[in-house]
Amino acid sequence: MSFPLLTATAVLPALGAIATAAVPAARRTAAKWLALLVSLGTLALAVTVLLRFDPDGDRYQLTESHAWIADFGVRYELGVDGIAVALIALTALLIPFIILAGWHDADPLETGHKRWRPTQGFFALILAVEAMVIISFEATDVFLFYIFFEAMLIPMYFLIGGFGDRTHEHGEETAATQRSYAAVKFLLYNLAGGLIMLAAVIGLYVVAGNFSLTEIAEARADGSLDMATNTERWLFLGFFFAFAVKAPLWPLHTWLPNAMGEATAPVAVLITAVVDKVGTFAMLRFCLGLFPEASKWATPAILVLALISILYGALLAVGQRDIKRLVAYASISHFGFIILGIFAMTSQGQSGATLYMVNHGISTAALMLVAGFLISRRGSRLIADYGGVQKVAPVLAGTFLIGGLATLSLPGLAPFVSEFLVLVGTFARYPAVGIIATFGIVLAALYVLVLYQRTMTGPVKPEVAKMPDLRVRELVVVTPLIALLLLLGVYPKPVTDIVNPAVQHTMSDVQKKDPQPEVEAAK
Amino acid sequence: MENLIALLVAAPLLGAAVLLCGGRRLDAVGHWIGTVLAAASFVIGAVLFADMLGKDAEAREIGQHLFSWIPVEGFQADIAFQLDQLSMTFVLLITGVGTLIHLYSIGYMEHDERRRRFFGYLNLFLAAMLLLVLADNYLLLYVGWEGVGLASYLLIGFWQHKPSAATAAKKAFLVNRVGDMGLSIAIMLMFTTFGTFAFGPVLESAGETSEGKLTAIALMLLLAACGKSAQVPLQSWLGDAMEGPTPVSALIHAATMVTAGVYLIVRSADIFNLAPDAQLVTTVVGAVTLLFGAIVGCAKDDIKKALAGSTMSQIGYMVLAAGLGPIGYVFAIMHLVTHGFFKAGLFLGAGSVMHGMNDEVDMRKYGGLRKYMPVTFVTFGLGYLAIIGFPGLSGFFSKDKIIEAAFAKGGTEGWILGGVALLGAAITAYYMTRVMLMTFFGEERWRNRATASPDQPDVEPAAEHQGAHAEPHPHESPRSMTIPMIVLAFGSVFAGAFFGVGDRFMHWLEPVTGHEHGHPPVSALTVTLSTVVVLVLGAGLAYLHYGRRPVPVVAPRGSLLTRAARRDLLQDDFNHVVLVRGGEHLTRSLVYVDHTLVDGVVNGTAASVGGLSGRLRKLQNGYARSYAVSMFGGAAVLIAATLLMRAV
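In the order they appear, the protein sequences are chains C and D. Here my numbering is used: position 116 in the first sequence is 116, and no number is missing along the way. Here my numbering is used: position 477 in the second sequence is 477, and no number is missing along the way.
Okay, chain D solo, but in the shape it has when bound (with noise of 0.2 Å):
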């Protein structure tokens, strides 16, 4: 069975490569060497779930050794695999996503003429998000760890024609090198400290050093998880990734990839036990992450870019979960998975509705798409009821915990994170009730509108429909992409309970990452009542606001929050000012300085040692002389002080 794991690797690197050099000739079928490949892998991993079940929780974890990786005097990295529940769980959502979303695909860019090689990167992004989760060192994880940048980095920039989308690749790319560069000196001070980085001796031996040690590994790798898992203080690029194709936004930017941070953090969770300060700065970037993305998610007219507000919100809930330790891991991941479902589901909705509606984004020219897609509004209405917690469905399930454990941090602590929590769902009732309303319900906005919007007039009609310039016939899409929603509607509705009913998904994961119960100052029921409270009061102010109301074609101004909000709370000007134009001016001023300050300097200390810059100005003639004369020179030097050592 272990010999199986690296074939779950391999299967998707193999369509990465067939595809992306195969060239013209496979155009025809490369998008279905692609799903079967993906497809392929979910079966692999379905056997090897199937074996593991079969065994004792305690005896579950396999491993797979291939090969020394970096064999150097006093380090040693391998290409090892290790396999257990938590990977175990990212592996089935990670193929079993990964597959539905390639087949969706195959509808979704079907007119895209560079649609192998999306496939292509596809198959690239699950080798390396697979590879993330079972390297069984962090050296090898940084290696899908940056694999899954680079094939994000792809993604968002597929259609690289549009400036916008080059430059939000580019950028996603950047702000993910500085959690990068934490992830980098977290192994290093794991190797200073344990001599080693591979999970099983670092993990084991945490309590053997100081505090201190910890503290510093734990916030550097929470540096890492803010970079890939789009948390503040690094979630500018979140937003901007929404350039991706819909497909992409839905597995690599709502259900896998950006989870990652989250499983960087339960897998290190020896650590962070040992490091409460550590800990409560997850909880505090947790916590302030997932009002940021429900505050932005509100205020977006853009249909993906609130839902990425959105996700970057859940993940905050995600990382707030794993920052409270053993009481919060097990919730984390469950959310995770929810999430997956339900996050896949309504961007792979976005998308459809998107493709009905000549790829037009802004949710003020939607409005009473529930009679043309009756499919999208069924499937994206189940997720949308997921997501806000109603009660029975999956987000239900999952958040609820969370809020639980954080009121059983215990102490004011508790209570403030507890407090930031439900405040969180109410106002993710209250976004998501807008982006259903505003999509489905209402005025038909879209009606007797001959002109494209304004915003985005570098479309072409090769990226995903030809003829944005006509009145859109708002359709429901095909079976291919139909299907996958579907699917992704049963989990959003089943799989909280399934997995909440009996603690079946506790007794699962218990054995990795460990579990204790919390114990809230105020009983269970009571934060669910509240919960549903919240939910009920969010959802009806949104429906006072949209539903109610007339939506405007065109934004209002808006309060001073909601213009912020908008503008990503100003993050992005922050980061403009900043770091963009403060950058330009360094480079720029030290370009001048290199030209005339260093090489000035450098050529004047050698002038006034030997004539260089007289030399220089008189470079046309001569050179060739002074060069021998200077050899010779050198030589006769050489010479004479021999003969004199040997007078002497």
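The shape of chain C in the complex, shown without the other chains (with noise of 0.2 Å):
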């Protein structure tokens, strides 16, 4: 048997958890440099998966399969497919930059505090969290893939809940209440959803008697498993509805904002950059895998949700007062235009989506990260409370400044690249609303630049002006992911050429082909 590679990547950063975990309080910096080497570890591991598949190879590689609850037809069932590389990657790259980001987030309170900060707790959850999401992106049995996705929001509660910044503007109590509250609907709301995709999981097993994503595909494709046309809808509106919460899609989006702006600067990249990813990439291995004819029937209403999510999100992020409540917003809208890519169901707009992901993970991070350094500063998330720091902070508003735009999918910089191909994408099944996303790029360019104004231009505000600019800790964090801003959106090839075979075989499980050219131009 070969060796397990993926489980190792998943189990590292569990037993890291653990280990961490296990630190005497006391000995708090070993805590942390543990986590740190932990999460480098899978790293190295992320990067052998990666370098381990061939993307044209089979669908799913590096397969281990296993009797589980034999009773229940539940097997221990691994496989990636070119998706789930790029983003187990992608994940195992973001914690590193998460932990060093975190680093003093969860310190113990200097002076007269009650409260006691668990910092091997902080560091141990987080690696928790990375290894669930990473068999979640692994698992290619339902039932599998679902005990994780439920699992995964344990962590985050505590995330959430237990560690917000160290200032707030109302006062420690209020902010203790508006966390728990913030934490609390981030759980409820995703308890909810994943009740109903429970429902639905049961549902499954009833009709195809086993949880095997490939075998119930296989199963679908040869006629040998037939759903009736209502039974696969509702089966998958279950899926769907879960994963919709999760992604966040409109109008299911406003436990995000709530959780994003209390959560420390790190947890909320953990959030929208790694956890919520699963969301949108369960679309495409799921909701399209499981269910072809249901997710063609439900695309023109997803397209509107998607629509919405991007233009209100924006809308939204224009009007905020609080800058990660901003940034979230802006994640409402780009998690749109990621749910736009996958449902137009072209190569354009899948391939898109899924860079998407990368993308966004990277670009949030470089933006939020530096947003968190720049609010432990000042000790305020209100927009209203900076002005003018560019004078004081150059390297902290210039790198804020291109996160910034790489939120705003400048060209030049990777999100553009997985923007353009998302709407061109869907521009070329659904003209008109191609051109109704195309908005959305004004609107980005708005909520960005008005930040970034407010903030770091003007006059400089009294209360900044002793502002120190970026540390060696800081610039550690922030200078990769703006190489890798910059690199992938020049070059994306690597990644474009493990993603596209993944792709072409979602497309053929929908049986999609790509619109053609009205005239074959002389090449």
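One thing to keep in mind: the hints can contain errors.
[What the hints assert, rightly or not] Label pairs and their calculated CB-CB ranges: (1) LEU487/C to HIS473/D: 51 to 59 Å; (2) PRO394/C to LYS55/D: 14 to 22 Å; (3) VAL47/D to GLU463/C: 34 to 42 Å; (4) CYS21/D to LEU40/C: 22 to 30 Å; (5) HIS111/D to PRO394/C: 52 to 60 Å; (6) LEU14/D to GLN504/C: 50 to 58 Å; (7) ALA26/C to ARG24/D: 52 to 60 Å; (8) PRO394/C to GLY392/D: 34 to 42 Å; (9) ASP573/D to PRO394/C: 15 to 23 Å.
[Stated by the list, open to error] Just so you have them, the derived chain D footprint on chain C, three or more residues with Cβ under 8 Å: (10) 17 to 28; (11) 315 to 321; (12) 385 to 396; (13) 406 to 415; (14) 458 to 469; (15) 487 to 500; (16) 503 to 516.
Since the hints were made in silico from the structure, they are not lab data. Quick reminder that beta carbons are idealized off the backbone N, C-alpha and C, glycines included.
Each of the two chains sits in its own frame; use the hints to bring them together as a complex.
Structure, rendered in structure tokens:
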């Protein structure tokens, strides 16, 4: 038996989480270093997965399969396609930066505070989330996926509810209340989605008799498993609802601004750049893979919701007074683009959507982590509390601007490639939808540049006059992210090469062909 | 030779990277690094130009394919360059004028503590602009297109401690984004129609699709051009863009970037040629803008804003010419090049005046400066004569051809367009004479003025010069500033004749853009004579208003039209009321709706199903229990259901 690489990639951070939690309370720094090392080790494993994966090989590779709960046909089945590989790489890449950026977020408060801040717990929880996210990307057994899809809510709940910003404009008590509200809202929304999915998971078992993604998809393709139209639609809706809460799609999005606003910036990145990607990923893998006909049936409605997300999220971002909530609404707009690309059902749309998941992860991490550095200096999330930062901290302002430019999909940076692919892929099948979505690029410029103008330019506010520029640790976080944004903006081929074949499989799942150009132009 | 093309872009890009990442260590030499790399790019361009001249007119296009950029099923975008006569013209203009303006900026920005960064941005601009004109497909052009937009944003807002500069930068970027929507949609249309967006295949097979599609593509390209080239209705950002340092206004907002829209239209000639409706719209946009800009230019007292109105107007001429099709393309580009010389020269002259006048921009506080700044006066004066189309100078050759071509459009349209172009020439003569007289002639209105201009309380001494509060002591600028002005003045004088005599420029560009000789309904001589007559009328009227009468230091109230023109013909007020205020109300109400309605309804729905809101209210207690109950309840249901299934 070959080395179970996929299991190892998920188990390492899981063990790391336990080990980190077990570090004695006094050895706080050791726990941080341990967590960082584990996350780097996981990154090394993820890179190995990336290298071992053959884009032109089988659809699912590095597969592992063991009987688990034999009586119910539940198997421990893992396997990755190009989409999963890309997202595992993204996850493993971002976690070390999240840990490093949150280095001091869980330090005990200096003076006069009763609350104990469990440093070890903070880093252990991050690693636990990483482990669960990775195994969700790997699972090809629906039940196995469901378990971890749900289970990651628990560490996320404690990360949101337990570790907010160190200072708050309304004082510590209000902050604690708002944090627990955000955490509970996050939990209940996702739980509601999860319970509906559970019903659909059971329903799927009733119809198919097992939980194996590959077996069910094969049986559906060769006609041995016949699903009544209505059954398929109900099951699809059950799955989709859970993923739409997590992604999140309008109107199920309202938990995200609360959660991202109250959580520390690194945890906010964990939510939007890592955990939420499981939702959009699962739409591609489970909704389209298991219920192709129902997916096509639901497409018009989903496209409309995605369009609303794009424009509504962007407009709401323009209206925000809080930096982190602004980024949250921007993310809602971006998730609209991702979902649009998935359900446009064209090669460009789906490759673009997958690339979008990766790029959005990097660009949001860059913007949000720098925003976090900014907020930690001034102790306020309100945009109005800043002004003229560019003059006192030019490097911070410069990196913030680049993160912002990536968020508005400036050509030359990575998100442009994916956003344009999504737009062109959507336009090819639904021209009107593509054109309306294009308005998103104007609104994105608006919320990014307004944010930059209000915080970074103008006369220097007295409160920021002494603000130090980025420190070495912070530069170590930001510089590689920016380098990646530039690199993948100019040379995204390494990612598209991995993703393209997987997208072709998905396209054949739903039996869709790309619209052909009207004129076959001379090459 | 092909392999040199990438170096054209790489040299300034390297400069930008080094200067922006290099840190304080490079403060002492940064401006020289930037200037040398700009000059290097110019030298490479000259080498390529010499090589190109050695080839037959039809075999001059060369290309360089670097690598595959976005390889996705059915979609191909490459990092690849194309250098033909049209691109070459731009390369020489961009790097030539660009290098001169780098040189000028060494002196102009000498006292600015962030000079290194300024040169980094300038280099970034050069790289992006060269990418724009060298790309061999529309998507890569888009990268350059937004790259120049970014550089423009950074440079307009260079003094970002001034809120007005930061606002102007943001506005320029946003208005351009509206245009970018047009470019995006045009590329998407090309993709669905032709399966590609590379220049070669798209333009060659343009004839194989319907006129409707081509019209749609052309109109979307026009929208993009309107944004970048400040044409009506997307012109509102250019006046505000004058917040940037003056060398920026000269390079980006006069000579090069703002002409990118004209490049886009001429580059897409094969599409426009087959879409007559779009061409008509293009000519109308050009004609309206050339009047709009000229009228605004007459009313502004800020020397840079008057010149900005003029830029808008002159680009209107180019867009008008480009809309005329093969009878106008060559002249659009020819005017673009000559305009590049004289307008850049005029802006540098304006900068030189400001340099000697404590950064004063109000022409009502100038006067009689010719004695104190002889070089500036002469070079500015030559630029002035060139732009109004004084016979024999650059503007005369290029603008006259456009007016002629407008008449040659034929029919009523021809008469209207020609008439507008002629009227524009008269107004141009008027406002430029006004600028000239208010600045260099008449009373010395800057004397005995102890206070700073009240409308600019936030000018910081660090910005350009110390002591904006004292009476100015006008003086000539240093050599590094006057040399570029002299070079550009040479271009203003001789470029037109060099291009125009023997139709040299036409023969050069014809293989790319195509050319048809237009036949105006009146003889070419009549057109030329009319041009000279309106020039004399316009300049004469300005002399009566500003030469014969004293210029009041405080602007008189003026007629309704004057007051409207001072406010950019109320377009900004419209934008403010409809877009800014309207947008604020929209986002505010949406924030409210999101908080109460969407959140409320979703929570409420959930509450009616599962008592969610009750739990939300009692969030402090029992959350873990309820979660655990749900999880285990769910699992129990699952197991029960499975067992049931097995039993059946």
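Task: Given coverage of the region 406 to 415 of chain C by chain D, checked by CB-CB distance under 8 Å (3 or more) - done: Holds, because 3 residues of the region 406 to 415 of chain C bring their Cβ atoms closer than 8 Å to Cβ atoms of chain D.
- [ ] Three residues minimum, CB to CB under 8 Å: does the region 17 to 28 of chain C make the cut for coverage by chain D? Let me know.
- [x] violated (count 0)
TODO: Closer than 8 Å, Cβ to Cβ, for at least three residues: run that test on the region 503 to 516 of chain C against chain D and report holds or violated.
DONE: Held - the region 503 to 516 of chain C has 5 residues with a Cβ nearer than 8 Å to chain D, which meets the minimum of three.
TODO: Given that the region 458 to 469 of chain C was listed as covered by chain D, double-check it with a C-beta distance under 8 Å for 3 or more residues.
DONE: holds (count 3)
TODO: Return holds or violated for the Cβ distance of LEU14/D and GLN504/C against the range 50 to 58 Å.
DONE: 39 Å, violated
TODO: Look at the Cβ atoms of PRO394/C and LYS55/D and judge whether their distance stays inside 14 to 22 Å.
DONE: At 48 Å between Cβs, range violated.
TODO: Kindly confirm whether 34 to 42 Å is satisfied by the beta carbon distance between VAL47/D and GLU463/C.
DONE: Hint violated: Cβ distance 55 Å, outside 34 to 42 Å.
Task: Whether the CB-CB distance between ASP573/D and PRO394/C falls inside 15 to 23 Å - done: Between ASP573/D and PRO394/C, where Cβ atoms are some 36 Å apart, the hint is violated.
Open item on the list: Under 8 Å between beta-carbons, do enough residues of the region 315 to 321 of chain C, three at least, approach chain D for the coverage claim to hold?
Closed with: That given contact holds, which follows from 5 residues of the region 315 to 321 of chain C lying within Cβ reach (below 8 Å) of chain D.
- [ ] Take the C-beta atom of PRO394/C and the C-beta atom of GLY392/D, compute their distance, and say whether it sits inside 34 to 42 Å.
- [x] 50 Å, violated
Task: Check of the region 487 to 500 of chain C against chain D for coverage (Cβ-Cβ below 8 Å, three residues minimum) - done: Check passed, 7 qualifying residues.
TODO: With a C-beta cutoff of 8 Å, work out whether three or more residues of the region 385 to 396 of chain C approach chain D closely enough for the coverage to hold.
DONE: As far as the region 385 to 396 of chain C goes, the hint holds, because 3 residues have Cβ atoms under 8 Å from chain D.
Hint violations for this structure: numbers 2, 3, 5, 6, 7, 8, 9, 10, all remaining hints satisfied.
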